[in-house]
Each structure stands twice: as C-alpha cells, then as structure tokens.
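Fit chain B to the supplied structure of chain A, relying on the hints for placement.
Number of protein chains: 2
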Amino acid sequence: MKIKEIGEFGLIDRLLKGISRGKESRGLFIGPGDDAFAAVLPPRSLLVGTKDLLVEGVHFKRSWASPEKIGYKSMAVNLSDLAAMGAVKPLFALVGIALPSSAEVKFVEGLYSGMRRAASKYGFAIAGGDTVSSKEGVVISITMLGSAKASGLVRRGGARPGDLIIATGTFGDSGAGLWLLSKGIKPLKPEEKYLIEKHLAPHPLFSEAAALSKYATSLIDSSDGLDKSVNFIAKGSGAGARIDIEKIPLSRQLLKVSAARKNLSPVNQALTGAEEYELVATVPPDKLKALKSLVRVTVIGRITKGEKVEYYYNGRQYGFSQKGFEHFK
Amino acid sequence: MKIKEIGEFGLIDRLLKGISRGKESRGLFIGPGDDAFAAVLPPRSLLVGTKDLLVEGVHFKRSWASPEKIGYKSMAVNLSDLAAMGAVKPLFALVGIALPSSAEVKFVEGLYSGMRRAASKYGFAIAGGDTVSSKEGVVISITMLGSAKASGLVRRGGARPGDLIIATGTFGDSGAGLWLLSKGIKPLKPEEKYLIEKHLAPHPLFSEAAALSKYATSLIDSSDGLDKSVNFIAKGSGAGARIDIEKIPLSRQLLKVSAARKNLSPVNQALTGAEEYELVATVPPDKLKALKSLVRVTVIGRITKGEKVEYYYNGRQYGFSQKGFEHFK
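Order-wise, the sequence lines are chains A and B. Under this note's numbering, the first sequence has 308 at position 308, and the numbering climbs by one with no breaks. Under this note's numbering, the second sequence has 49 at position 49, and the numbering climbs by one with no breaks.
Just chain A, same shape as in the assembly (with noise of 0.2 Å):
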C-alpha cells in the first residue's frame, strides 16, 4: 500500500497507535499527537539537545539496509551526540519524516519500528513529529533531548597541553563497512558482515561517556571521523595534537579484510572514515590510572601547544592530508 492511499492524516492515525501502545510514550505531560509535546524533566537538571539530518544517498541507501535498520540508526547518532556530551540521560525524541508520496506504507512503519527500538532500549519517549511529502528522495529529521547535571557534561574545547588523548573502541570499521557496501561485494565473509554492521548499526556509548566526564578536559564523538575529531578538540581548546598512528586501535576484522583487498587502507579509513560513533577525550596524565579503572579506552596522543594537529607513524612524521568526508565538498 502506498502512502498516497491514506493520506498524511491517516498515516499519522497508524504512527500514533504504535507509539501510545508502547512504552515510548513515558514521561510525556502531552504526547504525540498535539500541536506540541511537553514533559518534565528531572529536578535540577539541565536541558540537553541535538539534532541530525540523515539524507537518502547522502547518509543512507535503501538498498543498503532495511527501513527498521535505518530507523534505529536515525536515533542512534542522534543519542551518540548526547553521549558526546558527557553524563546524559535521554529522554525524548521529536521524528520528522520528508517522503515522496510513492513510498510504501511499510516503509514509515519499518523506519518507525526501527525508532521504538531504540527507544526502549535507550529508555527514551518518541514525543512528537512532522510527516511531509518531499519531491523525491527521504529525508528524516531526529531531534533528540536528554538531561544532565552541569557537572556531568564536557564540551569540546577543554584539553590543556599536556593531556592525553584517548578513545574509546576501534576506529576504521565504519569506514570500512561503507566502502564494502558501496563496492557491492557477495557473497560476504564473517568479517566483511562485522564491517557493515558496525556501518548499519552504531551503539551510542553512554556508560563509557558517564565514566569519561569524571575526568575528561574534553569529549567528542567521531562522527565525522576520528581526524576531524582531533582537530575539533584542538581548535576549540585552542591547542595542538599528535597521533600516534600505530597506536590507534584497529579490529582484526579490519585488519583481515584491508590485508584481502588492495584498495582499502586501514590507517586511511581509521582516520577519515566518518559514522564511527566511537568517543575521543583528553585526559590530565594524572588521571588516566583512575579513568581506566572505569572504562577501557586506548592512548592514541597528547595534546601539545601551538594550532598544529600532527600524525607520527613509528616515530616518524606522517604526511596526512586531511581529505574525511565533508559535506558540499
């Protein structure tokens, strides 16, 4: 059935039952359904939010993944850059939906199903949306809104010289999964199937960004990869960086697969493959002992003084041209 068929207004009839059934609706003074949403947040807390837009063949292909799997992803970088915040709690989603009127009914009821599991399982509220119809191509919008305590929450800028660079998990898989995708390669090996995985289906890191902003200087997510990562925390602590390159942990799915196939670097695709979703953060030297008591993260470099972001490889300098994704470009 195509959209056409029902209409906005009956679209929204079946979206609405299958949110006030569900645990999602939680929280919430005035639900979905109304002009606005409103809900209370918790005592003494502050107001956290974020907002991504993911584009059809710009950020997703329909073909590359089911309605529910891209659905799940929409909410899943949107709750990465609360995590990216520090100790945040989410609690409420708002879901616009661009769509060509051709699209199938199905199809907006994957995507959705694909949003409640996230929101029961990140034990957030989908607390309103906007469906439209576009020209062509889908377009969704995710608003995403937490809270925190001021204390909990690191910004970007706070490195000092002197602190270590951290991260958590393994860099390049993303990367790498979209490269596979995008070559179309079947049928695909174990490792190959992790690769795209992690492409398809990030995992915000609340409990490691909750362990990370009690000593953190600085946090980020490497959503738009690790090297842009980097650069954000220096130019907005207003300091340098160097990366060791070689100590910039890579899965051995990665490694197996790059060792396969010629084309795809693993240093490349680690320091500019963008939708990773891992967490980089600084940390006073002093600190580290007591960090990694909770939470396992890796030493990839420290911040320095000057404006400079510097790779090394073994010791050596390593002439990297910073070409990661960027939109427009």
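Any given hint could be a false lead.
Remember, identical chains collapse to one label, so a pair may be satisfied in a single copy or spanning two.
As the list claims (entries may be wrong) - Result set (BS3-like, lysine-lysine): computed pairs, CA atoms no more than 25 Å apart in a straight line:
no. : residue 1 : residue 2
1   : K2        : K329
2   : K17       : K308
3   : K2        : K135
4   : K135      : K4
5   : K183      : K135
6   : K61       : K183
7   : K235      : K17
8   : K292      : K89
9   : K329      : K4
10  : K308      : K235
11  : K135      : K69
These are computed hints drawn from the structure, not numbers from a lab.
Below, chain B alone, put in the same frame as chain A:
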C-alpha cells in the same frame, strides 16, 4: 560563492559567527558548536516542544520569497505550534538544513538572517543544528522548544458539547495569497500584496494564546486549514461541531480580490486554505464575556453531541466536501 567552495565546516563557521555575535545565544549553558546544546529551563516549568519540516516545492518556492522570508517563516510556523498549546514562552530552536552543494552561500546566510530576526523578535535562542547536503532541493527542519506551566497548557481534546467555537483573526487570506502566487499574477494590487504577505509572513499569536489559555477548553492553530482544525478538536474531544460559515471573519482584502477573480472562492479558502496560523478554540458560553475582555475573538459555531462536523450557511446546511491540503494525496 557556492557552498561547495567552502564546504560543510566553512559554512558552519560562517553561520556560527552570525549566531554567537547576536543576542540569540542567551539562556544557553552550552551553545551551538558542540555535539549538543545545554540549557536551563525556567524553574517549575514544563518543557514544550514541536518540530516542522519545510520542503522546497511543497511548502515553499525559492522564486516566491527571499531566503530571509523563508527562514523567518520556518521559525514562525513552529512558533505557532507552541502558541497553539496556550501560555507558552519560546526558548530555543534547533535548525536543520539539507541543501544541494550548488546552493549559494548567500542563500543560506539569508535563511539564517530571517531565522535570527524571528529569534530576536520572539526572544528565543538558536541553540544548534545540522547542515547537510541534499541530492536535490532544500529541506528545512526546525525544532522549537519552550516552557510553560502545566496550568497554562490547553490541548486539542478538551471541548464539551455546548462550548462555543471561537477564532482569532480572519480566514482564507493565506490560502488566497498562495493562490495568487501560484497563478503568477503581476502587477499586484495592494490588497493582493496583503494576502501574499499573510501567506509568506505569518504571526505566531502568543499573547492571544496566553489569554485564551485562561478560559479555553481546547485550542489549536489553523495550520492545516480551519476545517481540519475543527475536525481535530471534535475528534480529539469525542464530540461533533456545527460551524456557521457566515460568521467566519473574512478580510476586506480577501472579499475585494475574490470579487475580482472568479475562481477564487473566499468560503473555500476560509475553510480549507492551509498555513493560516490563526487560533481556533472552544470556550464554555458563560466564559465568553470574560474572555472577550482579554482578546478579540469571533464565535463561529459550537460543539455538538455526536461525531459529525456540520456546516451551515445562513441557517441552511452546507454540503461541504472536505478537500483541504493533505500531504501525499
């Protein structure tokens, strides 16, 4: 200069400069430029939030209005959704824009300039956003957040049989303005310019809504057209409604233009013209006098038992087929 010449981060730098210089960052604990914004809500208040998408070719055409006007209207339509909840104070907006890389930097700066004008006029801060590339066409996604006391909020669904249906302002102007724009009529007479301006630059009615919140049993804006608003109130309240068409206020400009143009029906525009942004509410008859001392409203009908929305024209039933704008149809 095209956006692709400066790229995503060059564009963001420019837009952030415009924001941080203005008064638009007030009230923010952490403002635009980090992974998320953080802000304090007024004490003992609820968070109220809404989101509207505006799609090029569906909600606006670049040839019909300056980027500044498009930006301003994007904010205004979201503000109207907040106002439609009662006594609400707008606080923060998140701005998502998807646009082709061939777009002019000037166009985006124009959009932001209009958004900043709305922020300045209505006293909210631009708290963050996301700027990404689209395959084709511009999509603007605004999330508007505000605060309210629970006692100041009025839902769609609280009307009771016997309540009077009241409305602010005149109806049909915005629809007629859109009609004139779509016909491409030039040169325009003053009354035609008035109608087009009503379409391009709506006013969110905060003070009227605050007054209505004292006595109204239900409240909604007329963004989907008067007929849809009345239907939403009736459906949400489990009741019916009777509208006396001859009581619906029409502007002298609409009457003048429709008298001169055969295919422009003022009644049809008043009932189905979307994007009107007047307020429609219900009030118990014994509260009308007190309400009228606070805000100028017109009684256009009443809530009835049953489930039907019926129209009368000078006492005779009016066979109105509900064919207002609906996405996807």
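Right, here's what the structure says about each hint:
no.	hint	result
1	K2 x K329	between (35 Å within a copy, 10 Å between copies)
2	K17 x K308	between (53 Å within a copy, 22 Å between copies)
3	K2 x K135	both (15 Å within a copy, 23 Å between copies)
4	K135 x K4	both (13 Å within a copy, 23 Å between copies)
5	K183 x K135	between (28 Å within a copy, 20 Å between copies)
6	K61 x K183	within (13 Å within a copy, 37 Å between copies)
7	K235 x K17	between (46 Å within a copy, 15 Å between copies)
8	K292 x K89	within (22 Å within a copy, 44 Å between copies)
9	K329 x K4	between (35 Å within a copy, 5 Å between copies)
10	K308 x K235	within (9 Å within a copy, 62 Å between copies)
11	K135 x K69	both (23 Å within a copy, 21 Å between copies)
In this structure, every one of the numbered hints holds.
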